[in-house]
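Residue 417 in my numbering sits at position 417 of the sequence shown, and the numbers go up by one each step.
None of these hints come from the bench; they were simulated from the model. Wrong hints could be hidden among the right ones.
As the list claims (entries may be wrong) - Below 30 Å or equal to it, Euclidean Cα-Cα: the simulated DSSO-like pairs (lysine-lysine) are:
#  : residue 1 : residue 2
1  : Lys161    : Lys117
2  : Lys385    : Lys266
3  : Lys137    : Lys163
4  : Lys68     : Lys266
5  : Lys137    : Lys68
6  : Lys161    : Lys196
7  : Lys290    : Lys391
8  : Lys266    : Lys196
9  : Lys391    : Lys368
10 : Lys391    : Lys137
11 : Lys163    : Lys187
12 : Lys368    : Lys290
13 : Lys294    : Lys403
14 : Lys137    : Lys187
15 : Lys137    : Lys119
16 : Lys385    : Lys294
17 : Lys62     : Lys137
18 : Lys391    : Lys403
19 : Lys117    : Lys163
20 : Lys290    : Lys187
As the list claims (entries may be wrong) - Quick list of simulated restraints, FRET-style, between CB atoms:
#  : residue 1 : residue 2 : range
21 : Asp171    : Phe58     : 36 to 44 Å
22 : Leu59     : Thr255    : 14 to 22 Å
23 : Glu199    : Ala33     : 52 to 60 Å
24 : Glu65     : Gln34     : 31 to 39 Å
25 : Phe259    : Ser180    : 17 to 25 Å
26 : Ala413    : Thr273    : 43 to 51 Å
27 : Ile393    : Lys266    : 17 to 25 Å
28 : Phe58     : Gly120    : 53 to 61 Å
These numbers were taken from a predicted model, which means no experiment stands behind them. We put the CB at the ideal spot given by N, CA and C, even for glycine.
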Amino acid sequence: MGFCSAFSQYFSERKSTWVPLVVATVVVSIPVAQSIRRTYRRYKFYRWGYKPGSLSGFLASKLEEHSKARREAAPVRVYMDGCFDMMHYGHANALRQARTCGDVLVVGLIPDEEIIKVKGPPVCNNEERMAMVSAVKWVDEVIPNTPYEITEEFMTELFEKHKIDFIVHGDDPCLLPDGSDAYAAAKRVGRFVTIKRTEGISTTDLVGRMLMCVRGDNTKNSNQQASQLKEFSTNPTAEMERTPSSTRVSQFLPTSRRFVQFSSGKQPFPGATIVYVDGAFDMFHSGHVKFLEKARELGDFLLVGIHTDEVVQENRGAHHPIQSLHERALSVLSCRFVDEVVMGAPWVITRDLLMSFNVSLVVEGTIKEEAPGALEEEDPYAVPKEMGIFKRISSPNDMTTTKIIHRIMENRAAYEARNAKKAKSEQNYYENQKAFMEEV
1 MGFCSAFSQY FSERKSTWVP LVVATVVVSI PVAQSIRRTY RRYKFYRWGY
51 KPGSLSGFLA SKLEEHSKAR REAAPVRVYM DGCFDMMHYG HANALRQART
101 CGDVLVVGLI PDEEIIKVKG PPVCNNEERM AMVSAVKWVD EVIPNTPYEI
151 TEEFMTELFE KHKIDFIVHG DDPCLLPDGS DAYAAAKRVG RFVTIKRTEG
201 ISTTDLVGRM LMCVRGDNTK NSNQQASQLK EFSTNPTAEM ERTPSSTRVS
251 QFLPTSRRFV QFSSGKQPFP GATIVYVDGA FDMFHSGHVK FLEKARELGD
301 FLLVGIHTDE VVQENRGAHH PIQSLHERAL SVLSCRFVDE VVMGAPWVIT
351 RDLLMSFNVS LVVEGTIKEE APGALEEEDP YAVPKEMGIF KRISSPNDMT
401 TTKIIHRIME NRAAYEARNA KKAKSEQNYY ENQKAFMEEV
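Put together the whole structure using the sequences plus the hints.
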């Protein structure tokens, strides 16, 4: 008898035993399979996120807890220094990138004396630059009076006293007067991290834009200064050839990704007191920062309306604004006191705007810049005043965009010399050194 025949005879004799067993197995397996299918659907991993309460959500929460515990026990501290003169969105983006390289960002602020030796006179002083850097939402600590060069001695102080793990700088060269690399020491010990330079903006570029528009010889006579300022604000025909093109042509390329990176993504909670302020916020400076800080203290959520270039030009003069709407918006978004911005806000605040954003309070500062000879035909704050939600607060300091322009005018020769020197290095960077680098 073959094996198959014997196997068949064996199961035929025991049919009454195995047939019920098979049937029972099939009956039980159907709900088991359905249960497995439902479980898979519920606990499968999601490619673009996780489902709260699922296995992937549980693992993600545990990983976040572990990461948080690690950061609290031994946070990675990164250091970035700079002059941060006339703080702009390029500075802010560098600080944002540096912050992603660690858990705590420590910023070194180079003093006026060091800047004068290496670059020439800064436009803003130590106190003003400190206020600006401290207000950037990605900055955790600031060390004042740091040297321009990262020497062995100062690097040891950073590592031992301030517990710095890495030193960060952009991919553009930072050279000392003798032509040597200011970060050579940090690179030698392998604790230097390079981030992508933010193109399209620099302090040199901003100074160049103002020098392009300021005409006439430098003078300390107040009457002549006032005349120059009026011409700067109202005369549409500037001498375009006075300043090298490399310092007056903005290479700014706005992207949606940049605005997402700068945005806090926060929404006001139900019942929150929403404070609204508006303005040009051109050449974002310490006066703006101090005003925004004070306005933020009046509520739970600070909404900032930024006027269009056309509106600013109509109310401030032909050569205003110095920066475009997108540039000004990024600078405001980088401020830790700001929760959201309205790009292209109307000059006259309307009831529709207040209702759309559920505004609780409209705030104006006591220091307000006006174009020479400008006449205000309509009170832009008439509606919130009628609604009883308007408040004028004392401006914490008297810095204005006009004062910055005055400083450029008073030191025109020095800034023109500095820009001419810087223009050559920037041109060399764009023509010979620039290469693609992924931004963090």
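Okay, the hints, checked on the actual structure:
The straight-line distance between the Cα atoms of Lys161 and Lys117 is roughly 27 Å, inside the 30 Å bound, and the hint therefore holds. At most 30 Å may separate the alpha-carbon atoms for a hinted pair to count; Lys385 and Lys266 meet this at roughly 28 Å. Restraint check: the Cα-Cα separation between Lys137 and Lys163 comes to about 21 Å, which is no more than 30 Å; the hinted pair holds. At most 30 Å may separate the alpha-carbon atoms for a hinted pair to count; Lys68 and Lys266 meet this at roughly 21 Å.
Distance check on the hinted pair: Lys137 and Lys68 sit about 20 Å apart at the alpha-carbon level, within 30 Å; holds. Straight-line distance between C-alpha atoms of Lys161 and Lys196 comes to about 28 Å, which keeps the hinted pair within the 30 Å bound. Between Lys290 and Lys391 the CA atoms are separated by roughly 16 Å; this keeps the pair inside 30 Å, and the hint holds. Of the pairs offered as hints, the one joining Lys266 and Lys196 holds, with about 27 Å between alpha carbons and a cut-off of 30 Å not exceeded.
Distance hint between Lys391 and Lys368 is fulfilled; the C-alpha atoms sit about 14 Å from each other, no more than 30 Å. Annotation: proposed proximity of Lys391 to Lys137 holds, straight-line Cα distance about 26 Å (limit 30 Å). With a C-alpha separation of about 17 Å, the suggested pairing of Lys163 with Lys187 holds against the 30 Å cut-off. Restraint check for Lys368 and Lys290: satisfied, since their Cα atoms lie roughly 14 Å apart, inside the 30 Å limit.
For the given pair, Lys294 sits about 21 Å from Lys403 by alpha-carbon distance, which is consistent with the 30 Å threshold. Between Lys137 and Lys187 the CA atoms are separated by roughly 28 Å; this keeps the pair inside 30 Å, and the hint holds. Restraint check for Lys137 and Lys119: the C-alpha separation of about 27 Å stays at or below 30 Å, so the hint holds. Between Lys385 and Lys294 the alpha-carbon distance is near 20 Å, which keeps this suggested pair within the 30 Å criterion.
With a CA separation close to 27 Å, the supplied pair Lys62 and Lys137 stays within the 30 Å bound. Under the criterion of a C-alpha separation no larger than 30 Å, the hint pairing Lys391 with Lys403 is consistent with the structure, at around 25 Å. Restraint check for Lys117 and Lys163: satisfied, since their Cα atoms lie roughly 29 Å apart, inside the 30 Å limit. A distance of roughly 37 Å separates the Cα atoms of Lys290 and Lys187; the hinted pair therefore is violated under the 30 Å criterion.
Range check, Asp171 to Phe58: Cβ separation about 40 Å, and the 36 to 44 Å hint holds. Remark: the range hint 14 to 22 Å for Leu59 to Thr255 is contradicted by a beta-carbon distance near 33 Å. A beta carbon spacing of about 58 Å between Glu199 and Ala33 agrees with the range 52 to 60 Å that was offered as a hint. At about 34 Å, the beta-carbon gap between Glu65 and Gln34 stays in the expected band of 31 to 39 Å.
The given range of 17 to 25 Å is broken by Phe259 and Ser180, whose C-beta atoms sit roughly 38 Å from each other. Distance hint for Ala413 and Thr273: a CB-CB separation of about 50 Å, consistent with the stated range 43 to 51 Å. Taking the beta carbon of each, Ile393 and Lys266 are about 23 Å apart, inside 17 to 25 Å as hinted. Judged by the Cβ atoms, the range 53 to 61 Å given for Phe58 and Gly120 holds: they are separated by roughly 58 Å.
Checked against the numbered hints given earlier, this structure breaks hints 20, 22 and 25; the rest are met.
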